[in-house]
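Novice: Throw the hints in and build the complete structure from the sequences for me.
Per my numbering, residue 31 is the first one in the sequence shown, and the count goes up by one each step.
A few of these clues could be false.
[Unchecked claim] In the EDC-like style, the derived pairs of lysine to aspartate or glutamate whose C-alpha atoms are separated by at most 20 Å in a straight line are:
hint, residue 1, residue 2
1, K643, E565
2, K640, E774
3, K674, D884
4, K800, E760
5, K700, E753
The hints are simulated quantities; they were obtained by calculation from the structure and are not laboratory data. It should be emphasised that the depicted structure is a prediction, and the values quoted were computed from it without experimental measurement.
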Amino acid sequence: MRVRDELRMNVNQQPHMASPYGQPQPGYQGYPQPGYGGGHVPSGYPAQYAPYNGPGSAYQQGPPQGMRGPPTSGAPPVSGAQNYSQFGQGETQNGPPPMGAPPQRPPVSQPYTPAVVNLSGPQPPYDQQFGAPPVSMQQMTNQMASMQVGSTAPSPAGPGYAPPSVSQAPISSAYSPAAPHTFSLTSTAPTQPPPTEAMAQVPPRSYYGAPPPAQQPFPNAAPPFSSTGPTQPQAPPPVSQQSFSQVPPVSQPPFSTAMPPGPTQSYGGPLPPTQPSFPRPPPPTSQLSNFPGGPPPTSTPSQLPGGMLPQPPVSQPSPYHSVPPPNTTGFPPQVGAPPRPPPAGMQGPPMASQGPLMAQANHVPPSQPGMPPSPINAGLSGPPPQPGMQGYPPQQNGAFGQVRGPQPGYAGPYSGQPNYGPPPAAPAPAPAAPKRLDPDSIPSPIQVIEDDKANKGSEPFTTGVRGQAPPLVTTKFQARDQGNASPRYIRCTAYNVPCNADMAKQSQVPLAAVIKPLATLPPDESPPYLVDHGESGPIRCNRCKAYMCPYMQFIEGGRRFQCGFCSCVTEVPPHYFQHLDHTGKRVDCYDRPELSMGSYEFMATVDYCKNNKIPQPPAFIFLIDVSYNAVKNGMVGIVCQELKTLLDYLPRQNPDVDSNIRVGFVTYNKVLHFYNVKASLAQPQMMVVSDVADMFVPLLDGFLVNVSESRMVIESLLDQIPEMFADTRETETVFGPVIQAGLEALKAADCAGKLFVFHSSLPIAEAPGKLKNREDKKLVGTDKEKSLFQPQVSFYNTLAKECVAQGCCVDLFIFPNQYVDVATLGVVPTSTGGSIYKYTYFQSSTDQERFLNDLRRDVQKPMGFDAVMRVRTSTGIRATDFFGSFYMSNTTDVELAGLDCDKTVTVEFRHDDKLSEETGALMQCAVLYTSCNGQRRLRIHNMAVNCCSQLADLYRNCETDTIINFFVKYAYRSVLSSPTKNVRDSLVNQCAQILACYRKNCASPSSAGQLILPECMKLLPVYLNCVLKSDVLQPGADVSLDDRAYLRQLVSAMDVAESHVFFYPRLLPLQQLDVESMSLPVAVRDSEERLSRGGVYLLENGLNIFLWVGANAQQELLQNIFGTTAFSQIDPGMTSLPALDNPFSKRLKEIIESVRAQRSRYMKLMVVKQEDKLELIFKHFLVEDKSNNGGASYVDFLCHMHKEIRQLLS
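Specialist: Take a look at the structure:
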């Protein structure tokens, strides 16, 4: 029998009740299909899936015709007890675990509350004609087994999910790492609209739903018919297992026998009456039906902590709407901030006109061509309807996606359903209800994150095993270097590389590594050892020049070594000779980092230095814009004041010694002012260069100085600059000459260094690099849109090349009040390994803290200068493409004028020959750089991965977060040459090909209505959808061109942890914070339906922190956080919380500080009150919902992906 690693969901195709998004719109971004939405794409699916018409008159025993009967030997019985591992098997069944199975422990994230039966409000009496509801599991199972509807007895296992016949063994208990997920995305929704009263049944609750008490999956909103009992709590099977549509054991009819022939468990299909849905055993864990024995996954999808009941959210208004916030609103003008409002001065807050958010919620701007139409409350768009509603009943913990249809015998929320008694033979109209996938039944990012923390967070991750995937970036773990680089330095998209190019092409899984050469390590991990081989330098292979590493094989008694990369044999220098032990290893192997570690450094000799001479210590030059705007908004005064103390914290190799970095100062508007701050002067001297067309540095001695020697003169200068320019009326600035000035100063001093440029406006003064305002929103969405991301003049490309040659890195801090053409100004920073920091509508009162924290970190962080990186690989693959902030003058060397601890370089590999499973594939990243005290060093990172000849092995060992990081960088670079619509389409196509290849070659045969996802890629659709609707690829009307260019450049150098939280923000329910515990509350999914009006949530995405306050938040909570019990008295303009003397306030402040400490940029806090104008911005980050810019909701996108996959397979 076949063990699978996948998730199955019945994504069915039935015609959906209405086009997912209200009126048909052209289709998701261009995807032709009619709205790709809802449970199925209307028109997308073959007709064979007829609309479900209610329970059949008799449940037949076998799978209905047309449905694939469960494989006899294959799928685990529906409710067989499968071991945890089973999920490896994939088909997780959705039934209760076998009677004997011990109840599973509830997943972390959601406390299981068996007692709460009526999770959702009106619960239908279980009056099945079979008598009182069973009290015990045993009774339930017995009852299920004997239930009959009509004349036929249901199969023992009960349709869809009852305990399997006892005899049926679980599919296999072995844990196979990657079980396929199958979801049956089926929506058997009837065509007619759901009965209204169904909705009515929903307990009244706001669309935010109160937070479920302990996170039950849908705490209060279990659909009435859903079996509320314990079952309900069960979330869908952990994602990993989720076999989305499990195939029931043979005897059992798959989901409900009456369902339409088609997918087996269709998402919306009604449940077989015979099963009280509640038979499922208590284990909340979504019952993965499996793991009878093991602990349940930590967090079941459905349960996300938030557990909010899915309510149909109102559709999301676009986040950043419209105009710039009034100055104080706290709009994050920042980068990342939601797209900036139009330049119009500081206009008021985002569209007042928009009306209350809610109102606007469902409105989708008609104009968005790419967006799928969305019915207003079709649930599609926003969060799904409340479980209680007839939308999709929450999934029992069944397979993903199977929406259990109304159970015939229960009272269903469906109007036409009798509450008891056998279901009427005639189709009940109600079934219509299940019209779309239940969000709790599809793979949950939170579930996967929590499961990984539980499984991999407790033990150290040792890197000695080739090809093992590391813990996720969201898991806190300790790495131990035993021969491969730590995942903090290198993460790969796949740890099993295909043996040949054909297999790689067939799978379409990108082969890439995200490398962060100077990453900072946590305190409990030791930094790379420094190896000094003296004047002879590092030992290298004669042919390919790879550096000595654990993959070199010593032969002939240790006198020679064979290179692991090119197989060339090289003599061992006499001074490096050592004998071998009986295993063929050198006896000093563990005494030498280069023979036993994955990462280490070599001291470089003079041969590795530019012009063969030891480099000078680097210099930092501060270039400050003193035009009218910069002085007026307070930036000049703040920078000068801060530099007085910041200069004591320049980077240094040894914390006990003063830094030997020299500093220099320039101010500028239309002309440049250089300052002589030589220690012997009583006062600084200013020299003005007005001939900006031919830039030169007017002084050599006294411009770059040592801080400790010239402290008095520097402080005097910094006090005088704000006074000198306080009354300036000069509004025009230059920019190109400013960088040229810094570059010329470094050339004159013959050293590398970094320029810190503080700039405020578009450089329109006559000078090299002069720009014009080319902001034209009419080009957005057209073929000419790509020109907006390209620099408007070639001057800066040439200047960037000169900067890289000198080792001159540029960091740009911009403070714009209108368009400044970031696409052009950012060319030099992004080509030199620098960074861009953007503070739109900067106001010292609200933005000073963020700016100063960014500046401090930027000045102090460890970095290397004048760096060159090369990636070598073993025979069979080679590095072919590179992404990041750097310059390349040839096809192999990545040149970085500066390389700091936050920068990553992403490398794509291609096959140029066959690989062997025995030797695997090797890569070595070598970075030559100058340290901050002037030493030339080589940092080496080695990584070995496995090779495989079976596609199933490839799909079992991929890392989705890294694949998404690669896709984003590839897509964001593609917008320079292709229309954004084409870029989006190609991403969807590649993702569909990856999943279709898995379905075709690795998954066992199953109904076309099932969406089967590899276990380790089950989150690929949700994350890809976040990328597709990002501001760069699908901007809302209020996103400025500068913001898009800024985000495009920012993301290009992000590491995997940063890109993960940027595209799928972390949302923490603070009402569940335990002040006694050091752990954070389990996050909830990014959807409005997970928010409770009575709660307070913290959302962070690496650039912003939002504190969302529900309109009905408990008074005690408000008092503890804000010092007031009245919601109306909370000031939405605050950027820091009051310091209150209570444990909750102190713990919350600690959490905010620790969250900020994890990110490379300081995140400004914005308080968002429910239904306040700023909520539009906040909702932009609820990425599982439909976005105002036309981006699809997660549920809709999953259906769209399923349709794409089916088209590829057919």
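Novice: Could you run down the list of hints and mark each one as holding or not?
Specialist: Each hint, compared with the structure:
1. With a C-alpha separation of about 14 Å, the suggested pair K643 and E565 falls inside the 20 Å cut-off, and the hint holds.
2. With a C-alpha separation of about 18 Å, the suggested pairing of K640 with E774 holds against the 20 Å cut-off.
3. Between K674 and D884, the direct Cα distance comes to roughly 16 Å. Compliance with the 20 Å bound is thereby established for this hinted pair.
4. Of the supplied pair hints, the one linking K800 and E760 holds, its CA atoms being roughly 16 Å apart against a limit of 20 Å.
5. Our distance criterion of 20 Å between C-alpha atoms is met by K700 and E753, whose separation comes to about 18 Å.
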